[in-house]
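Peer 1: Listed below, chain by chain, are the residues.
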Amino acid sequence: MKINNILSLLALIICASGFTSCMDKDWDAPTFEQPPYGNNDIQATNVINIAQLKQMYPKYADNYTCTLMNKEAQLKVYITGNDISGNLYNAISVQDENGDALIVAISENSIFGYLPVGQEILIETKGLYIGGYGNQPQIGQPFTNKSGNTYVSRISSSIWQNSFKILPTKKNIQTESEQAQHPIDGATIIPAYTIDQFKKLDIEKNCGKLMTLKGVSIKGADGKKTWANTEDAGSQTSVTLYFNELSTSFEVYSSTYCKFAYEPIPTGKMNLTGIWKRYNKYWELIIRDLNDIELVK
Amino acid sequence: MEKKLLLAAFLSLPAAIGFAQNNATKEAEKDMKQDNAAFTFTEQQLGEDDDMTQNVIMVNSNSNLYTSNVGYLWSPVRFKFRAYDSKYSETYMNGVQVNNLENGQFNFSTVGGMNDATRNQDAAAPFESNAFCMAGIGGSSNYDFRASNFAVGQKVTLSAVNRNYSARAMYSYGSGLNEKGWAFFGTIGYRWADMNTAAVKGTFYNSISGFLAVEKRFDDRHSLNLAVWGNHAERAQQGASTDEAYWLANDRQYNPYWGYQNGEKRASRIVNNFEPSALLTWDYQINDRMKLTTSAFIKYALYSATRLNYNGQNPAPDYWKNFPSYNYDVWGATDGNKSQDDYLAWAESRDYWMASERNRQINFDKLYYTNQQVSTTGRDAIYWIEAKHNNHLATNLGSTFDWSINKSIKLQAGIQLASNKGMHYTTMHDMLGGQYFHNVNTYAKGSYASTASELQYDLNNPNGEVKEGDKMRYDYDIITQNAKLWTALVFDKGITHSFAAAKIGGQQMWRDGHMLNGFYDPAKGWDKNASYGKSKTARFLDGGVKAGSTLNLGGGSAVTMGIGAEARAPHAKVAFVSPEMNNNFVSNLKNEKILSAELGYALNTKWMRMNLTGYLTHTYDGTEWENFYFDDGNSFAYVSLTDVKKIYYGAELGLKFKVTSNLDVNVIGTLAEAEYADNTNISYMLSTKGTVLTDVCHNKGMRESGTPLAAASVGLSYSINRWYIDLNGNYYDRIYLSDSPSMRFGRSLAAAGLIENDGSFIIPDQAKGKGGFMLDFSIGHQFRIAHRPLSVNLMITNLLNNRNICTGGYEQSRSDYSINSTTGTTNQRTYSFSNNPKKFYAQGINGMLNINYRF
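As given, the protein sequences belong to chains A and B, one line each in that order. Per this note's numbering, the very first residue in the first sequence carries number 5; after that it's consecutive. Per this note's numbering, the very first residue in the second sequence carries number 54; after that it's consecutive.
None of these hints come from the bench; they were simulated from the model. Misleading hints may appear alongside valid ones.
Said to hold, decoys possible - Listed below are several chain A residues computed to face chain B (Cβ distance under 8 Å; list not exhaustive):
| id | residue |
| --- | --- |
| 1 | GLU37 |
| 2 | SER160 |
| 3 | ILE222 |
| 4 | TYR261 |
| 5 | PRO270 |
| 6 | TYR283 |
What the hints assert, rightly or not - Subject to a maximum C-alpha distance of 16 Å in a straight line, what follows is the list of computed EDC-like cross-link-like pairs (lysine to aspartate or glutamate):
| id | chain 1 | residue 1 | chain 2 | residue 2 |
| --- | --- | --- | --- | --- |
| 7 | A | LYS29 | B | GLU521 |
| 8 | B | LYS318 | A | GLU249 |
| 9 | A | LYS29 | B | ASP296 |
| 10 | A | LYS29 | B | ASP433 |
| 11 | A | LYS150 | B | GLU287 |
| 12 | A | LYS58 | A | ASP100 |
| 13 | A | LYS150 | B | ASP394 |
| 14 | A | LYS209 | A | ASP66 |
| 15 | A | LYS150 | B | ASP433 |
| 16 | A | LYS29 | B | ASP394 |
| 17 | B | LYS441 | B | ASP272 |
| 18 | A | LYS263 | B | ASP433 |
| 19 | B | LYS823 | B | ASP433 |
| 20 | B | LYS441 | B | ASP523 |
| 21 | A | LYS273 | A | GLU249 |
| 22 | B | LYS318 | A | ASP66 |
What the hints assert, rightly or not - Residues on chain A that point at chain B, a partial pick, calculated with CB under 10 Å:
| id | residue |
| --- | --- |
| 23 | MET27 |
| 24 | THR49 |
| 25 | ASN53 |
| 26 | SER114 |
| 27 | GLN165 |
| 28 | THR173 |
| 29 | LEU245 |
| 30 | TYR266 |
Positions of the beta carbon are idealized from the N, C-alpha and C atoms, including for glycine.
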């Protein structure tokens, strides 16, 4: 037997093993000169606020009306609500420096991953549509339902990603309580209202805003009742709850698909923060996540 | 009769035997064909994945022209012999069975890249007698790893390829048996492709393999052989996608499993497989007529497969909501969106897909950005790459007693003992820039309060923080033990050559859970071993009988026949309801019964050789298991199919004409049927509920998938002066895609409104793939360099570049409607899952240049 040949082969195996390092290397995290989401080519050539946008397209809140925004104009806004728990679904809520608000409907999940609350963005409005959904002003794309009604619905992901730009600035947003306990300089404070104050709010001017309603409790809350279990929802995919202290014109909307659907509703008084949308003449509170619920001591 | 064949499945050797060629020429031709064939089999046709959905039987025969050629010829379309699952084919090494006890399959990656070591093989078609077992219905093969039986000398092989890998190099050395009784054989191989050279975009291949065998013959009676080997393979996978995706990408090899990170290509699905093995064999020649062969085998298999997972927006580029047809109802028949605006959205999405390759691949930068954003608020990563591990430790012992009672009668008997510990768990592979992750069931989050035990994957470590490399979701072992006795009697009488064989065995299995899934909280009344710790033990007694005979009618004619009956214990892989969650066995678990028969006619003359075979196999009481996302339950589901009845039948033809001394014409063909013979009982568990539901799956008539059920081949084989030219035209048809059980659940059919006026269900047709014609060509020559043979061979597959042949795929387990879980009412979706099965297509023109030199 040729021992040398055997030894050579063994040596070859050992050497070759050393050369065959893994191809799937340890990957370094990308360095982001620009965010990988959105369209970084959008230029701030004609920056407008929400009030100006509404002036440009007066049918901004009309139901079953989709107006194509055909003028080049960039809306500068910051995120007030996203889909972090899935209750605000396929949508974000935004406000501008004046506190005016809009909903933007987007056919995506996990928007919260790249548009956290407070993030400032530019939206190139040209090419998108605006209209009312239950008279709630909303930016989106037209959708025609089986009844032949067209209304503003979700923007496809590819169009949306081409229509906004993430700005390098981000606002700190705090509730009154948070500001009192852990104040952040320059933070934007979420407006908070007592029941009586809230009743007097103009729904047309304030719908879609991030606001706090103080000192309320939920009808039927018994420590077991949950925000949106499927049994309560019946044939719907959401549950509408009402306040003990207010009429049925004030609702709490919760999706059965949201992450806190099966959390029990606190029985006592609460300060409830969230996006206060309108559905025609009704106020509709969308709680963003469980942090929006503050128990009143 | 021991048949010392080389990898005869890959050869047209049997037909060549009868023809006058000099030995050197035959060796050279054989050598080249083996190289090509071994490449084709081990790297292209056979699934190398432990969790493979497509697996192929490497059947073989020394006497049947069809069986010995079919696998090699039709490997480009992943042809499966008689459409059987590979668990019906038994693989042995020096007489010890090495099929994985847990799933019954043999993973060819175990011996990948060591072609010179795997040449020596005995083989048996389903009804052929052999020296090592009672053959399975898919045939059996026995590798010979004895050092003294390998070719003497050195050999270097270099290959340039444009398939899974781009280059291959192999070296082997065999010493032969020296005067002191020692023999040595070793081989080493390396196969390589990176993401710029691999034939399929976004894949790579990196494999090194080594094999060493040492044999000591002590005297004429005793010898010991030790063989050790291993093949470490790391490779990126290709994913199936829909015809819409292939159209948008303008590429039938479009692969959705890769993307860009920082401008570099990155694969998301990477298989890492290393199965170091050792085999010790004692050959004992008791006397001239008796021989005892005993082998002990041990293997520790490491297998992991990564995948991109998420808790939010599905990052797959071919996620259904990303397709143009999600926006507009392109199928017309459904009640989906059809407005002008919908059409514009369709067109916009189409343009986005077509605008840039980056738009249709994974954007890893976005995943990192998102994870970094959510980490700043202390939230868990939304996207991550996890690795599914299926490791196992196998120990096997096989002993075969061979007794030539007289010239006409031979008796064989054997024992096989096997134990397998399968270790299954998932680890966090890469958090993609995320800082936090917890071992909780986020999919169940919306259905339970945040404090509910049901959200915990491991109640023994609730809310456990997971870092890269840590185990998550599930962790369990499955232990399977098996013992089998078999015997065979082979005898010649008059014009007959016959055999009869029988086997009896026992199998036991149990699960050992290492995590306590929150759905089985002992505080809520569950047994403390419902999920954690050892399950009960399931035991099965199985066995079978088989007989076959060849009647020599004279004049080269013979009739062959065989019949068999068998009961097979279910494999552990299908025996548990939801092994990732609990210890429960599938109810109604029992032995699968198999009845099979075969009748054939063979003709062997000077100018022609022919085999014509018909077969029929019926299986009863089978058990199958699948898991997938089940739309109607809005949850991942584990589905058990029980009382499975299947029928397989067909005809096979092999024909070889010798036109001249240099030119052969080969004809191979089959027409087969392989389908569920009846509807199937199902039970399924939703991963977000933990409860078992039952139904009937209306899958009667659904056919075995991923293989042509009709195929024919005509080939010309020309050889002269050490030149070898082969031209084969192959036609494939009746290619079915794997049927989705959930599409045919009684509840699903009712929800979809697929009910006739008389109350019977309307069963959706099974999705099919296109067949077609493929032309293959090879040319080779053997040179002499320094009096040593240098073989050069070029093999070109799919010469006409037919990219329309589907090689397999599956129906999507999603519904064409969304369903309200409370009321059961449905809404038609615009996107049609039923019209969008996922498919694989045959590669276009491809080839291999192979050079080997013996010295």
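Peer 1: Against the 16 Å threshold, does the CA-CA distance of LYS441(B) and ASP272(B) hold or violate the hint?
Peer 2: The given pair, whose Cα atoms are some 49 Å apart, is violated under the 16 Å limit.
Peer 1: For a C-alpha distance cap of 16 Å, please report whether LYS58(A) and ASP100(A) respect it.
Peer 2: holds (13 Å)
Peer 1: Does the CB of THR173(A) sit less than 10 Å away from some CB of chain B?
Peer 2: violated (15 Å)
Peer 1: Are the Cα positions of LYS150(A) and ASP394(B) separated by 16 Å at most?
Peer 2: holds (14 Å)
Peer 1: Was the hint right that TYR266(A) lines chain B, CB cutoff 10 Å?
Peer 2: This hint holds: TYR266(A) lies near chain B, its Cβ roughly 5 Å from the closest one there, short of 10 Å.
Peer 1: With a cut-off of 8 Å on the beta carbons, see whether GLU37(A) makes it to chain B.
Peer 2: Hint on GLU37(A): violated, closest Cβ of chain B at ~11 Å, above 8 Å.
Peer 1: Take a quick look at whether LYS29(A) and GLU521(B) sit within 16 Å of each other, Cα to Cα.
Peer 2: holds (14 Å)
Peer 1: Identify whether the interface hint at TYR283(A) stands, where standing means a beta carbon of chain B within less than 8 Å of its own.
Peer 2: violated (21 Å)
Peer 1: For the hint on PRO270(A), does the least C-beta distance to chain B fall short of 8 Å?
Peer 2: violated (13 Å)
Peer 1: Regarding the hint that ILE222(A) lies at the interface with chain B, is the smallest CB-CB distance below 8 Å?
Peer 2: This interface hint is violated because 16 Å lies over the 8 Å limit.
Peer 1: Return the status of the interface hint for SER160(A): holds when the least beta-carbon distance to chain B is below 8 Å, violated otherwise.
Peer 2: With a closest approach of 5 Å, the SER160(A) hint holds.
Peer 1: Against chain B, with CB atoms and a cut of 10 Å, does the hint on THR49(A) hold up?
Peer 2: Violated: closest Cβ of chain B sits about 23 Å from THR49(A), beyond 10 Å.
Of the hints listed earlier, those the structure fails to meet are numbers 1, 3, 5, 6, 8, 9, 10, 11, 15, 16, 17, 19, 22, 24, 25, 28, 29, in rising order.
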